[in-house]
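Construct the complete structure from the given sequences, taking the supplied hints into account.
The opening residue of the sequence shown carries number 1 in this note's numbering; numbering runs sequentially from there.
Treat the hints with care, as some may be off.
[As the list claims (entries may be wrong)] Within a straight-line C-alpha distance of at most 25 Å, the following computed SDA-like cross-link-like pairs (lysine to any residue) qualify:
| # | residue 1 | residue 2 |
| --- | --- | --- |
| 1 | LYS44 | PRO98 |
| 2 | LYS219 | LYS305 |
| 3 | LYS249 | GLY265 |
| 4 | LYS132 | GLN202 |
| 5 | LYS236 | LEU122 |
| 6 | LYS249 | SER63 |
| 7 | LYS173 | GLU20 |
| 8 | LYS305 | LEU267 |
| 9 | LYS44 | ARG68 |
| 10 | LYS177 | ASP9 |
| 11 | LYS6 | ASP169 |
It should be emphasised that the hints constitute simulated quantities derived from the structure, not laboratory data.
As the structure is a computational prediction, the values presented were derived from the model and not from experiment.
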Amino acid sequence: MKTPVKKPDGEMRPRLESWENTASHLDRFLRPGLGRKLAMEVTKHDIATLSNDIVAGKFGKPSVSNARHMRKAASGLFNWAAEAGRDYVTASPCVNLPKLDPEHPRTRVLSEDEIRTFWHGLDRKDLPWDRKTRLALKFELVTMLRSRELLGARRDELFGLDGEHARFDVPLKRVKKRRVIQQPLSDLAVEIIKEALTSDDQQFVFESPMYKGQPVHRKAMADALRGTKHEKNKDKTKTPGLCELLGLKPFTPHDLRRTAATLAGDLGFDDAWIAKCLDHAASKKSEQIVPTVTGKVYNHSKRMKEKRAVLEGVAAELRRIIGTQRLATQAETGLRLPRLIA
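Next comes the structure, spelled out in structure tokens:
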């Protein structure tokens with residue numbers, strides 16, 4: 001899984017870039033459940049039973065999602081073990097398994113009152129979570145980008161911040177679908193960036209408050225919203241999350257993407273345009289099915305005009321909701337604003 005291979009962008013990275021997640025699922029579920037058996041002794045009945053145990057909550061919180069992840073990780077492991085030249089097993093036991101119940105899609109969308117409370121609450125000086133993480137949360141709502149895509153944002157990935165066509169180029173190694181994203185930046189997104197860049201030598205927009213020269217941790221936003229009271233490590237500080245502190249019903253960073261997309265939909269923007277902002281591949285257009293190969297191979301248009309219209313519309317709507325035409329001033333935040341980026 002960790003063997004480096006040359007990727008489309010020319011970098012050498014592990015063949016399976018999500019190998020840590022796969023290893024975690026194997027270690028959390030397969031090892032304690034079936035670790036005493038030889039690989040060749042594991043049957044599809046064993047995998048099905050383990051899957052049922054995960055759904056029933058015998059490995060913690062009941063979870064269909066975890067059962068699905070375990071099956072995928074186990075299937076990869078046994079397919080590897082059955083390849084010619086290895087033959088540790090004659091065939092994978094991860095076949096003809098009972099179907100798992102469908103997972104219910106999350107539907108959490110923040111209301112206008114919640115957006116207002118959340119936005120202004122993030123500017124409070126008495127909150128225990130650092131300012132860069134709070135700005136990153138605002139940035140996800142404004143740009144519709146995924147947490148992993150935006151948290152690693154570097155100064156050299158930003159273009160035209162002082163012009164009318166500001167954009168953020170996300171390299172494919174941080175993108176879920178492993179394709180470069182060129183995301184237009186609204187004036188509100190640019191304001192957030194300029195506040196986050198507090199010095200001229202700062203390379204990461206959302207720099208870690210603990211480790212200079214590194215971005216905030218990939219789980220920082222989720223931890224800030226949820227808090228750390230649930231942590232079992234007794235030595236870790238138990239801090240309430242932003243949702244609790246602001247009196248909001250719990251939500252995740254991903255729910256901010258959904259909220260922004262919902263705002264765009266309510267404003268009347270086409271679903272295909274919104275899908276582009278979310279980096280979702282649209283399968284239909286005007287009720288006509290578009291072949292998958294069209295998007296993957298032939299259509300490399302970034303649809304910048306449509307995406308910019310959506311994101312600027314969302315920014316304008318957010319300004320209306322939060323009732324302000326600007327972010328907190330330098331005097332209010334106590335932060336030194338850097339020179340503008342060319």
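Status of each hint after checking the structure:
| no. | hint | in the structure |
| --- | --- | --- |
| 1 | LYS44 to PRO98 | holds (10 Å) |
| 2 | LYS219 to LYS305 | violated (32 Å) |
| 3 | LYS249 to GLY265 | holds (23 Å) |
| 4 | LYS132 to GLN202 | holds (12 Å) |
| 5 | LYS236 to LEU122 | holds (23 Å) |
| 6 | LYS249 to SER63 | holds (21 Å) |
| 7 | LYS173 to GLU20 | holds (15 Å) |
| 8 | LYS305 to LEU267 | holds (17 Å) |
| 9 | LYS44 to ARG68 | holds (15 Å) |
| 10 | LYS177 to ASP9 | holds (13 Å) |
| 11 | LYS6 to ASP169 | holds (21 Å) |
Hint violations for this structure: number 2 only, all remaining hints satisfied.
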